[in-house]
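*Asks:* Chain residues, written in single-letter form:
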Amino acid sequence: MQWDWAFVAEITPTLLSGLKLTLLITLLSAMVAAALGLAFAIARRSPNRLVARPTGAFVEFIRGTPLLVQLYFIFYVLPDAGILLPPLVAGVIGMGLHYATYTAEVYRAGIENVPKGQWEAARATNLTMRQTWVHVVIPQAVPPMIPALANYLIAMFKETPLLSAITVLELMNQAKSVANSSYRYVEPMTLVGVFFLAMSLVSVVMLRWLERRYGRLGK
Amino acid sequence: MKKTLLTLALLAAPAAAMADTLDDLKAQGFARIAIANEPPFTAVAADGTVSGAAPDVAREIFKRLGVPEVVASISEYGAMIPGLQARRHDAITAGLFMKPERCQAVAYSEPVLCDAEAFLVPKGNPKGFTSYADIAADATATIGAPGGGTEEKLALEAGVPRDRVIVVPDGQSGLKMVQDGRIDVYSLPVLSISDLMAKSGDANLEMVAPVIGAPVYCDGAAFRKEDAALRDAFDVELAKMKESGEFAAIIEPYGFSAAAAMSTSRAQLCGE
Numbered sequence: 001m002q003w004d005w006a007f008v009a010e011i012t013p014t015l016l017s018g019l020k021l022t023l024l025i026t027l028l029s030a031m032v033a034a035a036l037g038l039a040f041a042i043a044r045r046s047p048n049r050l051v052a053r054p055t056g057a058f059v060e061f062i063r064g065t066p067l068l069v070q071l072y073f074i075f076y077v078l079p080d081a082g083i084l085l086p087p088l089v090a091g092v093i094g095m096g097l098h099y100a101t102y103t104a105e106v107y108r109a110g111i112e113n114v115p116k117g118q119w120e121a122a123r124a125t126n127l128t129m130r131q132t133w134v135h136v137v138i139p140q141a142v143p144p145m146i147p148a149l150a151n152y153l154i155a156m157f158k159e160t161p162l163l164s165a166i167t168v169l170e171l172m173n174q175a176k177s178v179a180n181s182s183y184r185y186v187e188p189m190t191l192v193g194v195f196f197l198a199m200s201l202v203s204v205v206m207l208r209w210l211e212r213r214y215g216r217l218g219k
Numbered sequence: 001m002k003k004t005l006l007t008l009a010l011l012a013a014p015a016a017a018m019a020d021t022l023d024d025l026k027a028q029g030f031a032r033i034a035i036a037n038e039p040p041f042t043a044v045a046a047d048g049t050v051s052g053a054a055p056d057v058a059r060e061i062f063k064r065l066g067v068p069e070v071v072a073s074i075s076e077y078g079a080m081i082p083g084l085q086a087r088r089h090d091a092i093t094a095g096l097f098m099k100p101e102r103c104q105a106v107a108y109s110e111p112v113l114c115d116a117e118a119f120l121v122p123k124g125n126p127k128g129f130t131s132y133a134d135i136a137a138d139a140t141a142t143i144g145a146p147g148g149g150t151e152e153k154l155a156l157e158a159g160v161p162r163d164r165v166i167v168v169p170d171g172q173s174g175l176k177m178v179q180d181g182r183i184d185v186y187s188l189p190v191l192s193i194s195d196l197m198a199k200s201g202d203a204n205l206e207m208v209a210p211v212i213g214a215p216v217y218c219d220g221a222a223f224r225k226e227d228a229a230l231r232d233a234f235d236v237e238l239a240k241m242k243e244s245g246e247f248a249a250i251i252e253p254y255g256f257s258a259a260a261a262m263s264t265s266r267a268q269l270c271g272e
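Line by line, the protein sequences give chains A and B.
For the first sequence, full-length UniProt numbering begins at 1 and goes up steadily by one.
For the second sequence, full-length UniProt numbering begins at 1 and goes up steadily by one.
One should not assume that every hint holds.
[Stated by the list, open to error] Here chain B is said to cover these stretches of chain A; the calculated rule only asks that three of the stretch's residues, wherever they fall, bring their Cβ under 8 Å from a Cβ of chain B: (1) 73 to 85; (2) 164 to 173; (3) 176 to 189.
Think of the hints as simulated: they come from the structure by calculation, not from any bench.
From a predicted model like this one, the values you see are computed outputs, not experimental measurements.
Just so it is clear, CB atoms sit at the ideal spot from N, CA and C, and this is done for glycine as well.
Can you make the complete structure from the sequences, with help from the hints?
*Replies:* Here it is in structure tokens:
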């Protein structure tokens with residue numbers, strides 16, 4: 001096994017373009033997961049059973065099936081129903097939806113952590129449901145969740161190589177295609193590991209900061 | 001898509017790299033081969049039985065060499081040569097076509113399966129593609145090909161930019177992507193495309209074959225460079241089978257031409 005620096009220099013630009021796509025997918029999926037997860041959490045708490053039950057069932061269904069299966073379904077099966085999504089969009093929806101069901105649980109925990117007295121006080125001061133959520137519950141519920149949510153962001157980042165199954169040329173897929181034409185795995189796979197590690201380390205530093213900033217709120 | 005029977009690979013990991021590989025294989029009773037599940041070159045039935053022209057030829061030759069069994073593992077084309085070098089397989093018998101740069105990396109046997117390249121396109125070939133260069137010339141056309149396969153390289157060499165060469169994981173996905181209009185063309189060897197079309201039974205598809213300007217390629221069983229002795233033993237048996245007509249009896253039912261494989265040689269195909 002030998003390490004070839006010239007080869008590293010040659011493949012780095014290709015891998016960096018894959019890394020860019022990986023980061024883009026992670027950010028977009030994270031946004032989808034954050035927004036959709038909140039919607040799931042609120043719908044699941046709805047007093048209307050016709051909303052709460054189906055949402056609960058849907059969330060459990062997505063949580064209980066592998067992301068790879070869902071990606072295949074979105075990419076290869078939905079076109080039969082006339083829904084043809086480009087690979088990147090399919091990937092973002094798949095990842096976003098999958099992680100939304102995880103973040104929904106984080107939100108639920110956070111929301112349930114808001115003391116009951118707060119809800120009663122909101123009702124006593126004649127706030128509407130919307131006002132209660134926007135001005136009372138969410139501002140108190142979200143900060144303690146941020147570290148947990150950020151954890152899922154890192155997990156999501158590390159799951160992007162799954163998207164190679166639906167032809168997205170992200171970092172891992174780029175590395176494979178480089179290895180395919182050079183018959184060398186040592187450098188491309190090492191670089192993929194290094195890139196992922198570097199990005200994860202940066203995220204961990206940010207995570208620690210978020211924990212310090214928000215994690216101890218109210219304690 | 002997972003490439004190895006890990007336990008088997010671990011069990012079979014040879015202790016001494018320099019030992020005679022054929023003796024090791026005889027002692028352990030089986031050889032590990034890499035295949036791709038691309039009928040008719042290599043095929044895995046729903047119950048796990050491995051067939052296809054390339055494994056069938058390899059199984060017979062290994063038997064004659066005193067190795068009673070072959071254990072196949074499915075691999076991506078691009079992962080085969082690194083997998084062979086990493087000693088995960090003892091041979092590649094997958095329709096991995098001989099090209100000079102591959103000949104640099106592995107020790108090929110004499111030619112086994114020969115085929116030209118084909119395109120799978122929607123009925124009527126709406127964009128009129130007949131060569132890889134046509135696809136390069138159309139700025140909106142996309143082509144699907146197996147990752148690390150010959151077709152991917154042909155497309156890239158013809159000047160199709162990387163972002164228009166879609167790496168498709170397997171034949172079924174490629175067919176589906178053409179049906180769904182995700183890619184304009186799916187490229188594989190002629191016999192693979194006709195097999196896919198026959199299985200799909202979709203009347204809205206059409207095959208363009210042979211692709212203009214793409215040469216006829218032949219594969220061979222590929223061995224590690226240091227296993228040249230094993231390769232030579234394989235070649236001897238292969239030559240005998242070609243001579244006796246048993247070779248034709250194995251590959252012709254799959255649609256391959258034995259005459260094509262016998263009319264050329266490794267030296268010619270590798271550009272040696």
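*Asks:* Run every hint past the structure and note whether it holds.
*Replies:* Hints, verified against the model:
no.: 1; hint: 73 to 85; result: holds (count 3)
no.: 2; hint: 164 to 173; result: holds (count 5)
no.: 3; hint: 176 to 189; result: holds (count 8)
Against the hints set out earlier in the document, no violation occurs for any number.
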